[in-house]
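Just so you know, the protein sequences line up as chains Z and C, in that order. According to the numbering used here, the residues represented by the first sequence are 205 to 580, in order. According to the numbering used here, the residues represented by the second sequence are 205 to 580, in order.
There's no promise every hint is true.
If chains are identical, the list can't say which one is meant, so a pair holds when it fits in one copy or spans any two.
[As the list claims (entries may be wrong)] Result set (EDC-like, lysine to aspartate or glutamate): computed pairs, CA atoms no more than 20 Å apart in a straight line:
1. LYS578 to ASP502
2. LYS285 to ASP234
3. LYS474 to GLU562
4. LYS491 to ASP511
5. LYS264 to GLU450
6. LYS322 to GLU450
7. LYS487 to ASP498
8. LYS220 to ASP245
9. LYS322 to GLU446
10. LYS491 to GLU563
11. LYS474 to GLU276
12. LYS321 to ASP502
13. LYS547 to GLU450
14. LYS381 to GLU338
15. LYS381 to ASP405
16. LYS220 to GLU242
17. LYS220 to GLU533
18. LYS474 to ASP429
Keep in mind that the hints were calculated from the coordinates and are not lab data.
Number of protein chains: 2
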Amino acid sequence: MQTVMKPIDKKITMRKVYNFSAGPGMLPEDVLLQAQAEMLDWHGLGMSIMELGHRGPEFKSVAEQAEADLRELMNIPANYKVLFLAGGASIQFAMVPLNLFDGRQIADYIDTGVWSKKAIAEASRYGIVNVAAETQHQDHLAYIPSQDTWATREDAAYLHYTPNETIAGLEFNWVPKTFADVPLVADMTSMILSRPVNVTDYGVIYAGAQKNIGQAGITIVIIRDDLIREALPYTPSLYSYELQAENNSFYNTPPTYSWYISGLVLAWMKKQGGVQAIYEINKRKAKTLYSIIDTYSDFYSCRVRADCRSLMNVMFYLKNDELTPLFLEQAHDRGLANLRGHKVSGGVRASIYNAMPEEGVNLLADFMAEFVKKYG
Amino acid sequence: MQTVMKPIDKKITMRKVYNFSAGPGMLPEDVLLQAQAEMLDWHGLGMSIMELGHRGPEFKSVAEQAEADLRELMNIPANYKVLFLAGGASIQFAMVPLNLFDGRQIADYIDTGVWSKKAIAEASRYGIVNVAAETQHQDHLAYIPSQDTWATREDAAYLHYTPNETIAGLEFNWVPKTFADVPLVADMTSMILSRPVNVTDYGVIYAGAQKNIGQAGITIVIIRDDLIREALPYTPSLYSYELQAENNSFYNTPPTYSWYISGLVLAWMKKQGGVQAIYEINKRKAKTLYSIIDTYSDFYSCRVRADCRSLMNVMFYLKNDELTPLFLEQAHDRGLANLRGHKVSGGVRASIYNAMPEEGVNLLADFMAEFVKKYG
Chain Z
205 MQTVMKPIDK KITMRKVYNF SAGPGMLPED VLLQAQAEML DWHGLGMSIM ELGHRGPEFK
265 SVAEQAEADL RELMNIPANY KVLFLAGGAS IQFAMVPLNL FDGRQIADYI DTGVWSKKAI
325 AEASRYGIVN VAAETQHQDH LAYIPSQDTW ATREDAAYLH YTPNETIAGL EFNWVPKTFA
385 DVPLVADMTS MILSRPVNVT DYGVIYAGAQ KNIGQAGITI VIIRDDLIRE ALPYTPSLYS
445 YELQAENNSF YNTPPTYSWY ISGLVLAWMK KQGGVQAIYE INKRKAKTLY SIIDTYSDFY
505 SCRVRADCRS LMNVMFYLKN DELTPLFLEQ AHDRGLANLR GHKVSGGVRA SIYNAMPEEG
565 VNLLADFMAE FVKKYG
Chain C
205 MQTVMKPIDK KITMRKVYNF SAGPGMLPED VLLQAQAEML DWHGLGMSIM ELGHRGPEFK
265 SVAEQAEADL RELMNIPANY KVLFLAGGAS IQFAMVPLNL FDGRQIADYI DTGVWSKKAI
325 AEASRYGIVN VAAETQHQDH LAYIPSQDTW ATREDAAYLH YTPNETIAGL EFNWVPKTFA
385 DVPLVADMTS MILSRPVNVT DYGVIYAGAQ KNIGQAGITI VIIRDDLIRE ALPYTPSLYS
445 YELQAENNSF YNTPPTYSWY ISGLVLAWMK KQGGVQAIYE INKRKAKTLY SIIDTYSDFY
505 SCRVRADCRS LMNVMFYLKN DELTPLFLEQ AHDRGLANLR GHKVSGGVRA SIYNAMPEEG
565 VNLLADFMAE FVKKYG
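Here chain Z stands alone, though its shape is the one from the complex (with noise of 0.2 Å):
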C-alpha cells in the first residue's frame, strides 16, 4: 500500500496531529487507546471483540451499554425507540419515506444544501416532495429564512430538515415547529451530541455515525413508538423501521466493531460532563476560529451569517484565494491536516466535532492569525 499523503515530520508526536476533516473524522485519543489495548483481548476473553458472535452475552452486553448511554446522553425517552443499523445516513433518504409515508404520500423539506437536497432526491421517488424553505442570500450572506416565510403543508406525513450542512457550514440555532400530526424528522449526522437536543421535539433522529458518533458504516436511528408501522410494500425488509426495531436491530448480524467503538465514543463523552459540558467546549471552539475571521476580515470571510454559522463545520476563504494552497501546506506542515474545503465549494474547512481538542483549534487560530501576518 502506497501512502500518497507526505507523512507528517516525525518531531511532531504522534497524536499532535490535529485532523480537520469533515467526516469521517477525528476520534478521541482515549477511544482509539482502549481499541488498541484490547484488540486481541477483550476483557480478558482472549478475542477481539470483531472476533466475537453478535448474538453471545458478550457482544449483546457492548450493544446494550451503547444505547443505555446514548439514552441517558440525550435524555431519550422510553417511548423512543434506538436504533443502531448497518451503513451510513444516506440509507436514511429512502428509509424515512418508506416507512412515514402513510397514505399521506407528501411530505415537507427544508432545503439548506447538499445533504438536504440528497435526502430530498431520494423521497421524490416515493412521494411528493414539498420543498417548504431553502437556504437565502443577503449581502453575500446565506441564512436560513426564518419559519413565518415556510410554505408547510398541514397534510404532510413529516417535516425533514437537516440541522447542520457540513459543506456550506450553515446549522440551525433554532428547532422548526410542526402542526400537530406533522412528525419532525432531523438527518443529525453532522451535529449529534455535540449540543443539547430535546428528544421529543422530534419524531425520527438519524445520524451516521463517522463525526460524532464512530466510525463509518453504522448509522442510529431514533424512533417515536407510534412511527414506528408496516412499510411501503416493496420495502426491502432491511429498510423498514418496524423489522428492525422488533429485533432490535439484530435481524442480520450487525456491523459488531462500529457498535463497539460508537460504545467507547459515548462512554468517552459521559467522562467528559456530558452534552452540556460538551457544548460549553464547543461554543469556544467555534468562537475562537470566527473571532479570527471576524478580525482579520480583509483576509478571511464568511459567507454565513452570523446566526446560521456552523459549530461544528466552520467554513470560510480567503479573499486572495491564490494563496489557499499555500494556507493548507503550510498548516498541515504544523499538524493541521485536511482543512481543504470540498470540492463543490473550496476555501477552507475546518470541522471541529466533539473530538477535536481545544488546542487544535487554538493552534489552527493562532496559525490563521501568523499566516496574515506574513501574507497580509
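Here the structure of chain Z is known, so what remains is to put chain C in place on it, guided by the hints.
Below, chain C without anything else, positioned relative to chain Z:
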C-alpha cells in the same frame, strides 16, 4: 460493561483461545496485531485509518489495494466489477431480485437450509420464486440432490444457491449448471476464499465479510458487467448495483475501517500462498474433525452425507445429548470457545474458517477423543 462469559484461565496466553464461532469469527492474529499497531498512527500520518476521509488519497489506496488483492486471489476477470458495500449479506437477498429481475419476473432458488430460505423469502416479495430443489434426507443423513432431479426453468432471470449452509453444515462440492441465459448467483458468505472458485461460472457472487474476509459490516459483491443494469423502479438508490458500480462503492461514505480490515485479511491470505494453499489446509482441518466423528461413531454423529459435509462448519451431535453442556464447558475451559450449535439445530458446531489455525483444530480433535474415553 459487564463480561458475562467467565474469563479464560490466565495461564492460557492471549491468542491461545481458539474461537469456533460461526461468525463473526476468528481473524488471523497477524491481522489483529497490525490493526493494533496502526490504530493511532496509520503509515506515519499520525491518524487512525478510521479517522480519515473516504475521498482522500490514503483511504483510496487502501480500498484499491484490497480490491486488487481480491482480484488476484480469486482470479477475477476484468469484465467483473467488485463492490464493497455496507451491511451484511442479507442486503443482497433484496438487491439480487431488485437488480436481476429484468422482465423475466421468475427466478430459480435452491433451498438447502436456513440461509437459502431467507434469500427465498426476500426474493418472493419482488417476483416469483421457483424452488427448483431442496435438501433431501436418506438414512437420517441430509444431502443435496443431484442436478438431474432439479426443476430449473429456462425462463428464469437467474438461479440462486447457497454453496455452504452454516447451520446444518452442508456444502456443495460441485457447481450447478444453468441454461445459457440464466446467470448463476451464489451467497458465498461462509465459504468465499476457502477453496478455489471459477468466477466465470457465476453471474453474481456475494459474501458478507465476517467469516473469511474480515469484520461484520461490509459485504463484497462480484458481478459480471452485463448484469449491471437499471434496477426495479422503487429500488432504494443504495440498493442499485448500477449506481454502486458507477461510483466504485463510493456513492456515500463506505464502512472504511471494515474495508481496511478486509484489506489486511486479503494481504494475509496472499502471504499464506493464496486460495489453493489455504484450501489444502482447510481440507486437512475438516478431515481431522470428521475422522474423529467417524472413528467414534457410537458417541458422535454427523447428520450430513459424506459428500455434502461442510469444510467450514463441522456440525455434529453427541448421541447422548445430555452430555453436550458438559462437552461445551470442558472445551471452553481448554480455550476451545463458541462451539455451541445454532439454537435451531442444537448440537456442536466447529466453524473452522481460514483464520482457524490447524493447532486449534488438532486441540479440538484431541479433546473430542479424550471426552469419549471419559464419558463414552
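Please flag the earlier hints that this structure goes against, numbers listed from lowest up. Those not satisfied are hints 2, 12 and 18.
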